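Respectively, the protein sequence lines represent chains B and V.
Counting from 1, position 152 in the first sequence corresponds to residue 152 in the working numbering; the numbering is continuous, with no gaps.
Counting from 1, position 247 in the second sequence corresponds to residue 247 in the working numbering; the numbering is continuous, with no gaps.
Everything labelled a hint here was simulated from the structure, so no lab data went into it.
Just so we're clear, the structure is a prediction, and the values are computed from it rather than from any experiment.
Careful: at least some of the hints might be erroneous.
Where chains are identical, the list cannot tell them apart; a pair therefore holds if satisfied intra-copy or between any two copies.
Unchecked claim - Below 16 Å or equal to it, Euclidean Cα-Cα: the simulated EDC-like pairs (lysine to aspartate or glutamate) are:
| # | residue 1 | residue 2 |
| --- | --- | --- |
| 1 | Lys2 | Asp49 |
| 2 | Lys171 | Glu84 |
| 3 | Lys2 | Glu53 |
Number of protein chains: 2
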Amino acid sequence: MKLLITGAAGFLGARLARTLLARGTLAGQPIRQLVLTDLFEPPADLRADPRVEARTGPLLAQVAALREESFDGVFHLASAVSGECELDFDLGMASNLDSTRALLDALRHRVTQHGDAPTRLVFASSVAVFGPDEDHPLPALVTDATLPTPQTSYGIQKHICEHLIADYTRKGFLDGRAARLMTVTVRPGRPNGAASSFFSGIVREPLAGQEAVCPVDPDVSHPLTSPRTTVEGLIRVFECSRAEFGGRTALNLPALNLTVAQMLDALEAVAGPTVRARVRFERDERIAGIVARWPAGATAERAARLGLHPETSFDDIIRQYIADHTDHPTALQGLDRA
Amino acid sequence: MKLLITGAAGFLGARLARTLLARGTLAGQPIRQLVLTDLFEPPADLRADPRVEARTGPLLAQVAALREESFDGVFHLASAVSGECELDFDLGMASNLDSTRALLDALRHRVTQHGDAPTRLVFASSVAVFGPDEDHPLPALVTDATLPTPQTSYGIQKHICEHLIADYTRKGFLDGRAARLMTVTVRPGRPNGAASSFFSGIVREPLAGQEAVCPVDPDVSHPLTSPRTTVEGLIRVFECSRAEFGGRTALNLPALNLTVAQMLDALEAVAGPTVRARVRFERDERIAGIVARWPAGATAERAARLGLHPETSFDDIIRQYIADHTDHPTALQGLDRA
Chain B
1 MKLLITGAAG FLGARLARTL LARGTLAGQP IRQLVLTDLF EPPADLRADP
51 RVEARTGPLL AQVAALREES FDGVFHLASA VSGECELDFD LGMASNLDST
101 RALLDALRHR VTQHGDAPTR LVFASSVAVF GPDEDHPLPA LVTDATLPTP
151 QTSYGIQKHI CEHLIADYTR KGFLDGRAAR LMTVTVRPGR PNGAASSFFS
201 GIVREPLAGQ EAVCPVDPDV SHPLTSPRTT VEGLIRVFEC SRAEFGGRTA
251 LNLPALNLTV AQMLDALEAV AGPTVRARVR FERDERIAGI VARWPAGATA
301 ERAARLGLHP ETSFDDIIRQ YIADHTDHPT ALQGLDRA
Chain V
1 MKLLITGAAG FLGARLARTL LARGTLAGQP IRQLVLTDLF EPPADLRADP
51 RVEARTGPLL AQVAALREES FDGVFHLASA VSGECELDFD LGMASNLDST
101 RALLDALRHR VTQHGDAPTR LVFASSVAVF GPDEDHPLPA LVTDATLPTP
151 QTSYGIQKHI CEHLIADYTR KGFLDGRAAR LMTVTVRPGR PNGAASSFFS
201 GIVREPLAGQ EAVCPVDPDV SHPLTSPRTT VEGLIRVFEC SRAEFGGRTA
251 LNLPALNLTV AQMLDALEAV AGPTVRARVR FERDERIAGI VARWPAGATA
301 ERAARLGLHP ETSFDDIIRQ YIADHTDHPT ALQGLDRA
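Bound-form chain B, shown alone (with noise of 0.2 Å):
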């Protein structure tokens, strides 16, 4: 089969290549051509494997010439993230709600010009979606019948292209299936602008032996996942039937829901007090203002009737990333492996 992921150069979207090509099949089909695209080049060892293409570009320049070819599946993970949504208005629209509709009707006219049967395609939607609303408070859990109310461009945009996909597949233009992203820890890389950036930082850079700022209190509850459980999710949502996917609303993926403290006493328990003790509370009031906007956990009974789980224990998400990064001595540097 041939595959399409957009936003393939990013840390999930490389990694869910990764996985697929190792598995060399989906859905019971063998996997025979993989194209990437992204604004960047997608890593060496994706380039490197022969059934590999990558397009590197602006997804909204390259879905024209997607309607004179057929794919059997795609990824959609190409986003605009929060952070450049609320700086640049004009540019979350276009890379995330106009991309997405080319994208749409790019597959559409496989349909309704060529007819190909609609395209299987899972979005990458994102708990950003829930914010509280003055007259719609959060609640403590956030399920998938909480009615979003997004508090960012962003959060808008996703929940947008939600309905879009929601729609062209009622209108058997498309079987398309949205999947609400938790917050992925933890994530590789340098810290970033992102508010959420701590949520990894906080074990990152303990274990690479350099201290860390929590810029909000260790009470502060947040629906946490891996990047293998969420790429494990995506391709589960991609394999199941539609019967099983249930409507055509989207759905949360799993959440382990967890505060700051019970986070670093995972870390203690997986790499020491040293590790932990690295990690130093300095209340940024920005960023905790707007954390405190954010859910405080999730369930996702959907996912769970797909078999999808959350990680038993935070522990288990800090060894998936210390096994993942064993050969890159530099980020585990901190750990005292004796």
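With chain B fixed as given, assemble chain V onto it according to the hints.
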């Protein structure tokens, strides 16, 4: 003040224009100019008013000019209707989504490029945002907090516009308020292809001395409202403060939740048994199937906080129709005025 009504040649748009012209003021300010846009010319009585300027043609083609023109308020009612959107997907997306976004961008341009204050805009959304998805069956009554899982392209497009208006408002580009209209009865005119047409027809035709066919069972229930209550609701939503409106999420306008049997009991109470006897039940499986997927009733808690309430009975709605049509004798020639 200078106001814009889009969709102003339609039944509700023209009634809103007449109501505003008769009041002479909005939010305490005199109405000096009323721009009416629509695909069609507005009725002659509106064109004859010196405060009215009619602009005929597609909204999308008119929007660019709106960037260079300042308005003190907008009522955005222009829309392709549900049946059209199902038949012609591109028409619905252009008329309902692209036109609205272009209008919002023109108003944003006033703020970002000309330094205007955010323009107040009331958007006519619809009870059609509600529908039963497999994982989200409709509750007995849809509320302001019910998760919209629209089951038509029209409902999807209206709901997407609600979210765009919320985000443009959050960003300070607009002072937007989205209000969901319930099913308006009694509409004048002839039966049309809309599945909801009979909700007006089973009152209008018997009053005109004609037979009417009811395509659904007498126990079918639906949230209904009158033209007057709907227009009052749109004006109140415009005039309220942001604090009174609440958050940025759309609100339900008031509805009277009634079965067809209750509607006919009211018809008999107001117009007598001979008029009621002109309604014949002949189940149409197609229409009954569509209506079965509509809400059986709605509540409107936020509208109630604004002092908006439904009529006390359907008798009032029928009497309103009769009072509105005393100058149109053929509309009431079936009514025994003895």
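Going through the hints against the structure:
Proximity of Lys2 and Asp49 under a CA criterion of 16 Å is satisfied intra-copy only: 14 Å inside one chain copy versus 63 Å between copies. With identical chains, the CA atoms of Lys171 and Glu84 are at most 16 Å apart between copies only, with a shortest distance of 14 Å across copies and 33 Å within one. In this assembly of identical chains, the alpha carbons of Lys2 and Glu53 lie at most 16 Å apart only when taken from the same copy (11 Å versus 56 Å across copies).
Violated hints for the displayed structure: none, as all numbered hints are satisfied.
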